[in-house]
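Trainee: Residue-level listing of the chains:
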Amino acid sequence: MIENILDLPLDAQPDADEFVRAAMEWHFSPETGSAYWLERAKTLPFDPRTDVKGFEDLALFPNIINELRDVRVEDLIPRGYGPNPDVVGVYESGGTTGAPKRVVVLRDWWERHIAWMSAGLDAAGFPRNVNWLAVLPSGPHIAGTLALHQARERGGIRFTIDLDPRWVKKLLAAGKGAEAERYADHLVEQAAFVLRTQDVGVLMTTPPLLKRMAGDDDLVDLINEKVQGIIWGGAHMDADTRDLYHTEVFPDVKIRGSYGSTMMLGGSNERLGADDPYISDPPAPYVTFRVVDPDTGRTVGYGERGQVVVNHVSKNMLLPNNLERDLATRVEPPAGQAGDSVADVAPVTHFESEAVIEGVY
Amino acid sequence: MTEPIFIDALGPRGPYRSRNRQTVTDVAGNPMVELTLVPELYVTRAMSAMHKAKTLPLEERLTALAKGGELFATGVVDGMSAADYQYMVSRMSGTPLPIVRRAAEGISRHAAEAYRSAQQARPIGAVNDWRDPRARHGTAAWVRRGDVFAVHAAGNHPGVHTLWMEALTLGYRVAVRPSRREPLTPYRLVSALRACGFGDDQIVMLPTDYAAADEILRQADLSMVYGGQDVIDKYAADPTVLPNGPGRSKILITADSDWRVYLDMIVASISHEGGTACVNTTAVFVEGDPTPVAEAIAERLSTIPSLSPEDDKAVLTAYSLDAAKTMESYLLEKAQGTKALLGGHGVVDELSDGSAVLRPAVHLVDSPFAEQVNIELAFPCVWVAPWTREAGTDIFHETLVLTAVTKDEHLLDELLEDPTIRNLYIGNHPTYWMAPGVPHDAFLGEFLMRTKAVIRD
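As they're listed, the protein sequences go chains A and B.
Take 1 as the starting number for the first sequence in my numbering and just add one per residue.
Take 1 as the starting number for the second sequence in my numbering and just add one per residue.
Incorrect hints may have been included.
[As the list claims (entries may be wrong)] Subject to a maximum C-alpha distance of 20 angstroms in a straight line, what follows is the list of computed SDA-like cross-link-like pairs (lysine to any residue): (1) A:Lys176 x B:Ala213; (2) A:Lys169 x B:Ala211; (3) A:Lys176 x B:Ser308; (4) A:Lys169 x B:Arg21; (5) B:Lys234 x A:Ala174; (6) B:Lys234 x A:Ala178; (7) B:Lys234 x A:Glu225.
[Claimed, not checked] To spell it out: a stretch of chain A is covered by chain B in this simulated footprint if at least three of its residues, at any positions, have a beta carbon under 8 angstroms from a beta carbon of chain B; those stretches are: (8) 234-241; (9) 278-286; (10) 318-328.
[Unchecked claim] Pair ranges (Cβ atoms, derived): (11) B:Ala435 x A:Glu179: 51 to 61 angstroms; (12) A:Glu225 x B:Arg13: 50 to 60 angstroms; (13) A:Thr50 x B:Asp322: 38 to 48 angstroms; (14) A:Glu111 x B:Thr55: 36 to 46 angstroms; (15) B:Leu416 x A:Ala178: 46 to 56 angstroms; (16) A:Ala178 x B:Pro123: 29 to 39 angstroms; (17) B:Gly14 x A:Glu225: 18 to 28 angstroms; (18) A:Glu39 x B:Pro31: 34 to 44 angstroms; (19) B:Pro123 x A:Glu179: 27 to 37 angstroms.
Since the hints were derived computationally from the structure, they do not count as laboratory data.
Glycine is no exception: its CB is placed at the ideal position from the N, C-alpha and C atoms.
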């Protein structure tokens, strides 16, 4: 009985409080919880099974995200999955701030998530039975797997060009911008081979690579001719850039952003008919957002900007209070949905140094 | 509430206004204009269109430049009169109004003469056209190294917008990224040039934030950037980027010359143009006792009044109070161990509107090797140092303009031969002296052009 509410399809939207209580039972019962959470619970100043009475009480949890840099992945799998859990894969965070964080994705969550995202694509008018080209990392991030399973779910073949964003970040950090440029050109060149010779209906890539493709007029023509839908993710896109794509570069192509991350174990769906600002609705109560003032941790008002806190609550994983390095405008969620929706997601900015630079310029 | 003044990007398909904008304020912090900041994608697309554009034929572009310069300096551009423009620039950048006026006239004059000026860089062995009779016997032709030239402009002085017009005369399409501190001058100049004949895809103005700025350079064939030492270092290894960095201009007076005769020139070199130009003198070296020279400079500079930038008699550049205080504390820290003759207790003078000027500073250092002699700050700030023959000329390395007051021809030979001293003025010529047809930091044409052999029947 307890497990039923955790097994609903993602668009079922169970009562968030009841759902969270069921998840606490699952993750903190010795029979079903993961080794990690059962051990971690001993140092919590509260008992999740009795003290977490609803969705809002998720805020009681500390942000344990950094512990995922070291935990054995086996210890993250709830015992309730039995001795042979159906593991889709192990995925890692970006790895920009030290050692990467790691999660295990299990089949039941993943299939429901894929189905939910796919329904979102249907609603947005994305074609089925077309091939996909994913210019995304195949691993260790989640994006490549997402593209593969989405394409499959929707009746297409996935073509892929692999990339290593961590190496690009290292190049940039070392001031080797020109080398990073050459790598990006290399990726676009490979993507162009697929686009020229194959039937590609959906292109999935990152904003920096999409921008690079948009700088090549021949490639723009090719995409406009063949591709019916573009999905971008893994980085940010500002409203002006989105507008240029919609009005000028790819005017007849459906373009959809997906605010998601490996640490969400998936992503959100772009709200239809809300083009400006662009709003992301997560699959609550499984993935929920809270937009907070980074200084006080308090939720900001609707329309105000703050930093995004993400909760992931499923049978697969409990990952509460993860403070992402993203800023967003807090938006009212769809009716009856827990948490916030977000708009205009952008990276947390660091202000330019106020130090005096000698010279007159 | 009046409608704010928008400064849109001037893109290859006309003006473009983004959602992402920056409010540019006057020196007192009052909002003046709403500046569009284009996203990187816009830059990419605009530069791609620039590459596909045609170059305006020579006669047409010279006419457009001359007319455009005139319109810029005297006419109504995008609804704004010349007087309003000058007032706004002085309030926005803090540059004294008389300097803005002179700079606007200078831009206009330079627009008309840019072709002649650019041609001074053409090797004597090269012609401009294969139709030249010299091609029948074989000659060199002077040709562009690319088609699209980008400029990361500075906002310290409107005069930074004179140089790139030479690239236009040579047939480059030009993309200007304005300074976010003073975008009005390039906006007005590009608008005027377009109104007088240049196509939207032949000259563009692309204001960007820091992140998108590099895209302009990446997509241009050749570029010129202005900045501090960090910018110079960043592009040092990039053969497609010409950096304009700190000037660290200097004056040397040897014992065979009476410094009193040159005092006007010295003082003017320090304070002319509000002290914010790379050609303003940063250090004065005196063979013999530098103290009386420093005292005389201090006395003269102390009489400069503190006035709002829009005042007809303003001399000093105004800054926001915060920026002025930051610069002041930097000066006070760096000046430790030197003898202050002016400004030793601070240089910030707050104006009635809440902005501030930085009053002149004169410091004596005890050695020509003191680290201070290369500290260039954007106000009249000078370091006076002793100099001896033993100290030699290595200390003048990396100097934009060196004025040498000396009768020692051997010394002048040595200074002329040093390739890191970019310009050498001999005798009573201020470091800020410039003229069309005379290089500022080598001819721009040396960077923009190359030669190729041509022979014809």
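Trainee: Hint by hint, note whether the structure agrees.
Mentor: Hint check results:
Between A:Lys176 and B:Ala213 the CA atoms are separated by roughly 17 angstroms; this keeps the pair inside 20 angstroms, and the hint holds. A threshold of 20 angstroms between alpha carbons decides the hint, and for A:Lys169 with B:Ala211 the separation of about 15 angstroms falls inside it, so the pair holds. With a C-alpha separation of about 45 angstroms, the suggested pairing of A:Lys176 with B:Ser308 is violated against the 20 angstroms cut-off. Restraint check for A:Lys169 and B:Arg21: not satisfied, since their Cα atoms lie roughly 28 angstroms apart, outside the 20 angstroms limit.
This hinted pair checks out: B:Lys234 and A:Ala174 have alpha carbons roughly 12 angstroms apart, not beyond 20 angstroms. As the CA atoms of B:Lys234 and A:Ala178 are separated by approximately 12 angstroms, the hinted pair is consistent with the 20 angstroms bound. For a cut-off of 20 angstroms, the pair hint linking B:Lys234 to A:Glu225 is broken: about 40 angstroms separates their Cα positions. Counting residues of the segment 234-241 of chain A whose C-beta lies closer than 8 angstroms to any C-beta of chain B gives 4; at least three are required, and the coverage claim holds.
As drawn, the segment 278-286 of chain A meets chain B at 0 residues by the rule of a beta-carbon pair under 8 angstroms; below three, the given contact is violated. Three residues within the 8 angstroms Cβ limit are the bar, and the segment 318-328 of chain A against chain B gives 0, so the coverage statement is violated. Our hint of 51 to 61 angstroms for B:Ala435 and A:Glu179 is violated, since their Cβ atoms are close to 43 angstroms apart. Here the CB-CB span from A:Glu225 to B:Arg13 is close to 22 angstroms, at odds with the stated 50 to 60 angstroms.
At roughly 54 angstroms, the beta-carbon separation of A:Thr50 and B:Asp322 lies outside the given 38 to 48 angstroms, and the hint is violated. The hinted window of 36 to 46 angstroms between A:Glu111 and B:Thr55 is violated, with their beta carbons roughly 59 angstroms apart. Judged by the Cβ atoms, the range 46 to 56 angstroms given for B:Leu416 and A:Ala178 is violated: they are separated by roughly 36 angstroms. Remark: the range hint 29 to 39 angstroms for A:Ala178 to B:Pro123 is upheld by a beta-carbon distance near 31 angstroms.
A hinted range of 18 to 28 angstroms for the beta carbons of B:Gly14 and A:Glu225 is consistent with their spacing of about 27 angstroms. Taken as a hint, the range 34 to 44 angstroms is violated for the pair A:Glu39 and B:Pro31, whose Cβ atoms sit roughly 56 angstroms apart. In this structure the hint that B:Pro123 and A:Glu179 lie 27 to 37 angstroms apart at CB holds, the actual value being about 35 angstroms.
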